Amino acid sequence: MRTMTRGTVRPAGLMAALDRLTGDEKHDPSALSTLDVLWVLYDRVLDVDPARPDAPDRDRFLLSKGHGPSAYYAVLATKGFFPLDWLDDLGGPASRLGHHPDRLLVPGVEIGSGSLGHGLGIGVGMALGLRAQGLTDARTYVLVGDGELDEGSNHEAIAYAGAVRLDALTVIVVDNGSALHGWRGGIASRFTVNGWSASTVDGRDHEEIETALRLTGNRPHVVVARVES
Amino acid sequence: MRDTFARTTTAILDEDPRTALVLAVISRDLFTGAAARHPDRVVDVGIREQLMVGVAGGLALSGLRPIVHSYAPFLVERPYEQVKLDLTHQGVGAVLVSVGASYDSSQSGRTHLSPADVALIDTLDPQWQVQVPGHADEVEPMLRAAMRHDDPVYLRLSAQTNDRPHATDGRLVRLRTGGRAAVVAVGPMLDPVLAATEGLDVTVAYASTVRPFDVTGLAALDSTDIVLVEPYLAGTSTHVVADALRAVPHRILSLGVGRADLHRYGGPADHAAWHGLDPAGLRRAIAEFAW
Chain C
1 MRTMTRGTVR PAGLMAALDR LTGDEKHDPS ALSTLDVLWV LYDRVLDVDP
51 ARPDAPDRDR FLLSKGHGPS AYYAVLATKG FFPLDWLDDL GGPASRLGHH
101 PDRLLVPGVE IGSGSLGHGL GIGVGMALGL RAQGLTDART YVLVGDGELD
151 EGSNHEAIAY AGAVRLDALT VIVVDNGSAL HGWRGGIASR FTVNGWSAST
201 VDGRDHEEIE TALRLTGNRP HVVVARVES
Chain W
1 MRDTFARTTT AILDEDPRTA LVLAVISRDL FTGAAARHPD RVVDVGIREQ
51 LMVGVAGGLA LSGLRPIVHS YAPFLVERPY EQVKLDLTHQ GVGAVLVSVG
101 ASYDSSQSGR THLSPADVAL IDTLDPQWQV QVPGHADEVE PMLRAAMRHD
151 DPVYLRLSAQ TNDRPHATDG RLVRLRTGGR AAVVAVGPML DPVLAATEGL
201 DVTVAYASTV RPFDVTGLAA LDSTDIVLVE PYLAGTSTHV VADALRAVPH
251 RILSLGVGRA DLHRYGGPAD HAAWHGLDPA GLRRAIAEFA W
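The listed protein sequences derive, respectively, from chains C and W. For the first sequence, position 68 matches number 68 in our numbering, and the numbering has no gaps at all. For the second sequence, position 102 matches number 102 in our numbering, and the numbering has no gaps at all.
FYI, nobody ran anything at the bench for these hints, they're computed from the structure. Some clues are possibly wrong.
Said to hold, decoys possible - Computed beta-carbon distance windows for the label pairs: (1) Gly91/W to Val9/C: 32 to 38 Å; (2) Pro17/W to Asn218/C: 24 to 30 Å; (3) Leu262/W to Thr192/C: 32 to 38 Å.
As the list claims (entries may be wrong) - Pulled a few chain C residues facing chain W out of the computed Cβ check, cut under 7 Å: (4) Val124; (5) Arg131; (6) Ala132; (7) Ala157; (8) Tyr160.
Given the structure is predicted, the values throughout are model-derived calculations rather than measurements. Just so it is clear, CB atoms sit at the ideal spot from N, CA and C, and this is done for glycine as well.
Taking the hints into account, I'd like the entire structure generated from these sequences.
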């Protein structure tokens, strides 16, 4: 076990998986900014089963911020969605793991992402589709970056989801201060002004992250997870 | 065509719980009854076209078959990256149904013209099917056929129509036989082509499905001088015809809407004339090519 800060316990297996990844991506701050949120999601929150990755009633997790997916791959491999040795050939010509994930290549990956500003719109549709099919226990989680929120497409989704009280949707904003012009009034306010509930947590504190991710209500919820810049 | 689309979509929503409809305000008044009966499957996102297509991607990923509808420039051009990534790249399909065609809304100016829509769809995975009905009665069988599978489909509706419908089974329909050339008219271009070629020694065939293009039917026209008349960007299907005839020497004349921004209003008939797609312009071009 590696203890980072209060409430941050990263299993040795996870870190070993991360260390297997080759290439520069794992050194990119964006690759590691998501690590603790992803681990808490897959270890404590999501109702997903690597033996049944396509179960209709599973929770959905969408990594909208597809940049630097090393942490994502490490978590999925550690949880058994694919063999650990896949991690040894990141971006290779025969690899299923690229510098942006492809849902058709990687078990457990719900969307192919990379171009910023797409996951939230898809997530809104996914939550609507699950509700329309009576799969009301399934929850949709979308992870975006604070810089990614610059993309206007996110605001179409934020405004609409808030207006229709899409309560099966949770968005996690990993805030490493990468938005070029920042967010006047704070990131959470971009959501709450549109009818969302919001939590702001230490993005390295697993207990704080889990508590916030488990919050539900009669409206969509955003968790702003602050990490070091 | 638009009314037929609304009536057919409403019926399919009633019949099939896998069907969803995604709108961005356009045509919402045509679906008030359907929205009341199926509030979870008729989604109007407001004037948010990127979200409209993104939501369709999510609906499809969740297991539904979405129909997405708006004016062509707001369905294909503005959210093109969503069409490319949120549907095609995810490996899921939807039925995109446009109105407005190339210049049905010409009095609204360039912002509402979309002659490049089929060419843009043509840049995507060849799984995409493209249907260009020439008559309102062709819309229902095309839409119902599209809903029986999960592949991506672009259904391009227009206010310009032919006098009568033809088969919608994906095959070219030969309407006249001649010796100097074969003229393939797509969708609502058929009647102008029939008028333009009156008395000329040319074959005339009709296509309402352009992806996949009926290359077998094209070969059966038994001509190596082909005139392709499309109601959208000129040359959009030239590569398909050229590829189909690659084994033999051939000539192709590609007629359609030009690339120039005309900065002109007027009606669809005016724009047809300006682009040489009225009967007189077509006759001049075909005669010059074939004689």
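For this session: Give me the numbers of the hints this structure contradicts, sorted from smallest to largest.
Result: Hint 3 is the one this structure does not satisfy, whereas the remaining hints hold.
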